[in-house]
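Engineer: Start from chain A and add chain B according to the hints.
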Amino acid sequence: AQSVTQPDIHITVSEGASLELRCNYSYGATPYLFWYVQSPGQGLQLLLKYFSGDTLVQGIKGFEAEFKRSQSSFNLRKPSVHWSDAAEYFCAVGARQAGTALIFGKGTTLSVSS
Amino acid sequence: EPEVTQTPSHQVTQMGQEVILRCVPISNHLYFYWYRQILGQKVEFLVSFYNNEISEKSEIFDDQFSVERPDGSNFTLKIRSTKLEDSAMYFCASGTGEGGNEQFFGPGTRLTVL
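Protein chains in written order, with the working numbering: chain A, 1 to 114; chain B, 1 to 114.
Isolated chain A, as found in the complex (with noise of 0.2 Å):
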């Protein structure tokens, strides 16, 4: 079954702490992963994307993910976190071809501690 596992409901850490979010997935196909981030009241903003080549990905606000096919993994990590980083990410997969859908994680609530 196609699923996204992200296993941390709930992180909190520490400003300008390192963080480090989890997700795996179960794909039948070539996967292609997303992180969206959602602010309260917010819509899904998109993050970073991965679809081929590098594995190790840049994204918006500092944040990269690495791509590890042997563990089925799309880990999002900042080196240092700020305040305006407290919300909620949400993992994502699907297949590259537009007009399909997107398999979401429960996400992860991040919160930020002075």
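Wrong hints could be hidden among the right ones.
Selected chain A positions facing chain B (Cβ under 7 Å, derived; list incomplete) [as the list claims (entries may be wrong)]:
| id | residue |
| --- | --- |
| 1 | Tyr-27 |
| 2 | Gln-42 |
| 3 | Gly-94 |
| 4 | Ala-101 |
The list that follows gives simulated cross-link-like pairs (lysine-lysine, DSBU-like), each with its CA atoms no further than 30 Å apart [said to hold, decoys possible]:
| id | chain 1 | residue 1 | chain 2 | residue 2 |
| --- | --- | --- | --- | --- |
| 5 | A | Lys-106 | B | Lys-57 |
| 6 | A | Lys-68 | B | Lys-42 |
| 7 | B | Lys-78 | B | Lys-42 |
Since the hints were derived computationally from the structure, they do not count as laboratory data. Glycine included, every Cβ here is placed at the ideal spot set by N, Cα and C.
Structural biologist: Structure of chain B alone, referenced to chain A:
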């Protein structure tokens, strides 16, 4: 920066009533999508739309649901006879289709069925 917009932001309706959720996709996008998120659950795909017809739909998208692009700018989701379990956040998304399945999401409409 262009963005997907959705109206209303919150809709309250009585069970059995029809509702129409409205979306204005980004202007040069050709692929349109609806997703929903029941409180505390995953974001789930409902339907995708391209070239004035449905490309793909999920099991959730039964005969109670329909989509339409009534003019060159709007994309609507109609629920004919709402049920309590239709209460959710409904997200519209759009994409160009160029180079892959990247989808840009709107802020969502919170539907409450009483």
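Engineer: If any of the earlier hints don't hold here, list their numbers in rising order.
Structural biologist: Violated hint (a single one): 1; every other hint is consistent with the structure.
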